Amino acid sequence: MYELVKFIPFLPLLGFLILGLFGSKIKNEKLIGTIATSTVGISFIIAVSIFMSMLNHTPEKPVIVNLFTWIEAGNFKINLAYQVDQLSILFTMIITGIGSLIHIFSIGYMHGDKSFFRFFAYLNLFIFMMLNLVLGANFLVTFLGWEGVGLASYLLIGFWYDKKFPGYRITWTGDAANKAFIMNRIGDLGLLLAMFLIYLNFGTLDYQLIKETLVASSGTLAGGGLITAIALLIFLGCTGKSAQIPLSGWLPDAMAGPTPVSSLIHAATMVTAGIFLISRNSVIFALSPTALSVVAAIGAATALLAASIGLVQNDIKKVLAYSTVSQLGFMFTALGVGAFGAGVFHVMTHAFFKGLLFLGAGSVIHGMHHEQNIKKMGGLKKYMPITYFTFLIGTLAISGIPPFSGFFSKDEILWKAYSDGNIVLWGTLALAALFTAFYMFRMFYLTFLGKERFDHHHVHPHESPATMTFPLIVLAIASALGGFLGVPHALGMGVIPNVFEHWLDPVFEDAIKIIGRGEGGAVHTSEYLLMIFSTVVAIGSILLAKKFYSNSNWTTPKRLVKNFSFSYKILDHKWYLDNLYYIGFVNPIFDASQKLLWKFFDVKIIDGIVNGSAQLTNNIGEQTRKIQSGVVQNYALLMLVGIVFIIAFMVFK
Amino acid sequence: MSILLLVLFLPLVGSLSLLFFNRENIKAIKGYSLVISIITFVISLFLIPNFNSANPGFQLVFDHSWIPSLDAGFRIGIDGMSFLLVLLSTFITPIAILSSYDSIHKKEKEYYFMLLLLQFGMIGVFVSLDLFLFYIFWELILIPMYFIIGIWGRKNRIYATVKFFLFTVVGSLFMLVAIVWLGYHVGGILKAQGIGHGFTSNFLVLKEYASKIDLDTSRWLFLAFALSFCIKVPLFPLHTWLPDAHTEAPTPGSVILAAVLLKMGTYGLIRFNIELFPNASIEYAGVISTLAVIGIIYGALVAMVQTDIKRLVAYSSVSHLGFVVLGIFSMTAEGMQGAIIQMVSHGLSTGMLFLCVGVLYERRHTREISEYGGIAKVMPIFTVFFAIAMFASVGLPGLNGFVGEYLTLIGAFMSPVLHSFAYSIFAASGVIFAAVYLLWMFQRVMYGTNDNVANHNLKDLTKNEYFMLIPLVIFIVWIGVYPKTFMSFSENSSRALVNKVMKAEIYKMPTLEKK
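Respectively, the protein sequence lines represent chains A and B. Be aware that the first sequence starts at 1, since it is given in my numbering, and climbs by one per residue. Be aware that the second sequence starts at 1, since it is given in my numbering, and climbs by one per residue.
None of these hints come from the bench; they were simulated from the model. All figures in this text were calculated on a predicted structure; none of them were measured in a lab. Ideal Cβ positions, reconstructed from N, Cα and C, are used throughout, including at glycine. Mixed in with the good hints there might be a few duds.
To be verified - For the chain A half of the interface with chain B, some residues (derived, Cβ under 7 Å), not all of them:
(1) A73
(2) I170
(3) W172
(4) G190
Based on the provided sequences and hints, a complete structural model is requested.
Written out as structure tokens, the structure is:
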């Protein structure tokens with residue numbers, strides 16, 4: 001059964017090759033869409049059947065499926081191998097499941113695009129690489145996927161390469177694609193160095209071997225500089241891929257890509273790769289309390305920072321992008337306080353509701369003839385009822401309103417942060433959650449309710465076709481009910497088990513043991529209080545958003561912008577992070593390379609020496625040539641001088 | 001008759017026989033050269049079944065006496081280090097000839113004569129097992145290359161070709177002195193034993209004795225050889241001839257220069273510096289690796305600010321070859337293997353980048369990045385090929401560039417002679433800059449809107465261009481996915497060399513510590 005795992009990535013690869021090589025010959029959009037979707041769909045079915053057999057008979061240890069030796073030199077040997085365990089199969093199901101839905105959605109969304117086949121080829125390539133990332137049995141296979149999804153993301157962000165895209169120092173969609181790839185590469189440097197350190201110290205890059213070695217020698221390694229360095233370098237890689245401070249800037253600009261891409265890659269799957277990688281190496285992180293604190297702090301800071309920027313965005317996709325960055329921050333905080341299960345649980349619920357919200361946004365953009373500014377929308381409810389209803393479910397879920405899925409996962413994280421004893425972490429996240437509920441409903445009101453602010457002559461909003469609404473409905477159901485897979489102990493009362501975390505127990509038990517913090521005691525009072533508190537806060541900010549934006553003059557928000565113009569400016573400029581990077585790094589490096597290294601060092605110094613010595617030779621030749629004057633008397637004179645010199649030399653030697 | 005001899009001499013026979021062609025019959029000249037180069041390639045493939053990867057030593061050796069008084073012989077043979085480079089030379093030449101079809105429009109007869117002569121020289125360099133012979137081939141290459149740049153090059157070709165010539169000649173002079181000294185020294189030892197006439201250039205003999213030369217002397221010899229090879233690589237700060245040579249050379253010239261000629265430098269470092277002077281190599285590993293790492297970053301940064309596409313790719317070579325040198329001087333099997341596969345990879349991906357630049361140049365006759373933009377719209381298929389070449393150069397896993405970069409870095413990381421992680425850490429930062437300069441160039445050339453009227457009607461790839469690009473793509477992916485096919489040839493030779501060096505270190509350790 002487990003051997004079948006190799007087909008899971010292979011099928012999307014096949015789809016990519018077929019569409020990439022022959023796609024331009026296939027004129028039929030339906031056929032292209034079917035090829036692309038079915039490869040991912042079949043992979044999903046295989047993943048589910050592997051999952052089922054794991055349910056029936058849980059393997060003691062992760063199953064490793066070897067394909068072939070990839071790189072071998074000296075003593076270094078890496079296999080292309082896949083690891084089947086609870087964690088990888090869970091991610092595989094999320095990727096192929098949501099991936100299939102988004103493929104179906106794209107058939108409708110991309111209808112009529114001149115590069116229809118190219119889009120689906122790239123999507124299949126992405127799925128293939130993402131599956132390598134999560135299924136890899138060693139760091140290098142994961143790294144193959146890690147870079148591969150970066151490539152797919154690059155290709156898809158710049159998919160409409162001749163389209164302009166506004167942004168700081170960004171003119172074209174291609175600039176946004178470059179920014180994404182390059183910022184990711186900065187993180188990748190960390191990951192590369194982490195791999196080198198691991199190989200050097202443990203002699204392997206296989207996850208399972210590393211884990212076993214670490215568990216066996218956890219006493220000597222715990223808290224040491226080596227393990228902290230490795231963990232922090234891995235985390236640097238994660239900040240790139242999962243858009244955390246300081247490498248968070250690329251994700252909002254990645255919205256330059258078609259909306260299904262934003263949904264699949266930049267919300268549901270790829271950006272959670274960082275959470276996956278830390279979960280996969282939970283033991284490494286568990287051994288370094290320092291690294292865990294850094295992860296938690298960065299996560300919480302990012303959650304709040306991105307949420308605050310989300311408050312002032314007017315582009316429907318940008319709002320969602322900042323909320324993604326913020327939600328990823330929640331997940332990292334969970335990992336940072338050792339609540340690995342809760343973090344992964346939020347990955348799943350977030351994949352449901354954020355995938356849904358982005359697709360909903362895609363449906364809106366589709367219906368609004370590519371308008372993305374929510375201030376130019378309003379009243380879409382009556383034109384797009386299905387989109388409206390499903391979007392509402394997504395918005396409730398992300399805002400943490402019970403019993404929608406986001407409530408369970410987010411409150412789990414808040415509770416774990418609180419019970420970790422870190423009140424600052426908890427407060428930061430709670431504030432971020434408050435912001436989230438507010439800006440999400442702000443967007444919701446501006447888009448679907450209130451006065452119709454678009455130009456009726458040019459824009460005729462309409463509901464999207466069934467290929468697009470079907471995925472919305474499926475994801476809405478998942479967003480509404482998905483939370484019940486991971487009901488917190490306090491709510492389950494021992495009757496409803498936390499199926500989700502129980503499933504992941506084998507993956508994280510070693511790490512949890514090392515951290516030495518089990519499931520909290522029986523006292524649930526404070527947990528109930530926190531739940532009630534956060535629900536009240538969420539409802540409060542929803543009401544506030546309603547009050548602000550249901551009246552069409554927006555008098556209160558306008559007044560606030562005026563009274564707090566300084567804060568508004570900071571938020572509007574995204575805390576000036578992009579500016580800072582350019583002034584601090586990009587410009588100096590660029591100027592130094594051009595003026596100092598190239599124009600001065602290469603041209604003046606090195607070539608100066610070379611050309612100078614050539615010139616010198618020339619000049620010497622020029623001068624000595626004059627001696628060869630052809631006048632015999634001069635030669636005689638020179639001979640005489642020479643003889644005198646020689647005699648003088650012999651005499652006075 | 002030995003296959004190796006055939007592979008070596010067929011290009012020479014081809015080039016000489018071209019002289020009998022009527023210069024007006026350009027079609028025949030082109031066709032004949034292509035056929036000769038393809039036959040050479042096919043024959044070279046027969047080396048594979050005749051090559052025993054398990055044997056780390058020289059194989060298919062052919063030894064014929066030549067100048068007995070100097071014990072200079074016509075000695076050729078291959079081992080794991082040179083095997084792939086011979087194949088690379090025979091593989092790249094037909095592609096370079098194909099690309100010449102579009103880019104060379106004058107004095108075709110002389111041109112193809114020079115090109116095949118160049119191939120003869122390249123293969124000769126990689127198969128020589130005699131320093132005298134090696135030196136002849138080494139210098140022979142200068143002549144066709146000098147003319148290829150100087151006659152068929154662009155505007156500033158004379159400056160570029162003279163610069164290329166002078167840089168290389170200065171280096172080779174020191175090497176010649178070292179060869180002569182070494183020949184007399186070892187020859188003297190042998191004569192004392194009653195063998196020979198006091199001089200030898202037999203590499204197989206020299207390598208037995210050279211490693212026993214005292215450290216002070218071998219330092220000087222090491223430096224003399226290294227100077228010559230490092231100019232060729234080119235190692236920072238000896239690199240400034242390369243951007244000029246590349247920019248002014250015609251496309252096929254750049255392709256061969258990047259794909260094969262630069263590898264003569266790195267090959268020389270492995271074959272002669274490390275093998276003949278292991279102690280000095282260990283002593284200078286730090287210095288040379290430092291220059292390599294500086295080159296990696298420096299080349300990338302300067303590439304970033306170029307406005308000329310060809311110059312940009314040329315500087316990227318400085319950066320990529322830095323990884324090769326770093327791998328070699330890590331003195332680990334991982335680094336050595338990485339260096340060898342990186343040589344091949346760089347040949348393929350940078351060769352392909354130059355071909356892609358050539359495709360653009362043939363259509364627009366400019367290399368200025370600002371002249372382009374939105375080309376993807378009119379040349380969608382070319383875009384795919386260009387992107388593959390670019391990502392191969394960026395070092396994306398799954399494509400060829402990653403394997404070599406990764407192994408050289410890991411080699412440097414665990415190197416017993418480079419006592420610092422700093423080399424790897426700084427070198428690894430090169431992966432960021434590689435993405436910056438290549439992606440940025442690609443964005444400006446291929447993406448955006450096609451605003452320049454001159455670019456509105458550019459034709460997509462011709463059949464000819466397909467034929468030269470597709471073989472490269474195949475190997476770029478092959479090496480990326482299953483490098484074992486290629487790396488197994490050099491595995492044992494690399495191991496053996498590293499073992500020899502590390503044994504030498506143990507033996508000489510006291511001298512090193514005394515210093």
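To see whether the hints hold, each was checked on the structure:
The interface hint given for A:A73 holds, since its Cβ lies 4 Å from the closest Cβ of chain B, which is under the 7 Å cut-off. At about 11 Å, the closest approach between the beta carbon of A:I170 and any beta carbon in chain B exceeds 7 Å, and the interface hint on this residue is violated. At a threshold of 7 Å, the smallest CB-CB gap from A:W172 to chain B is about 5 Å, leaving the interface hint in force. A hinted interface residue such as A:G190 counts as satisfied when its beta carbon comes closer than 7 Å to some beta carbon of chain B; here the least separation is about 10 Å, so the hint is violated.
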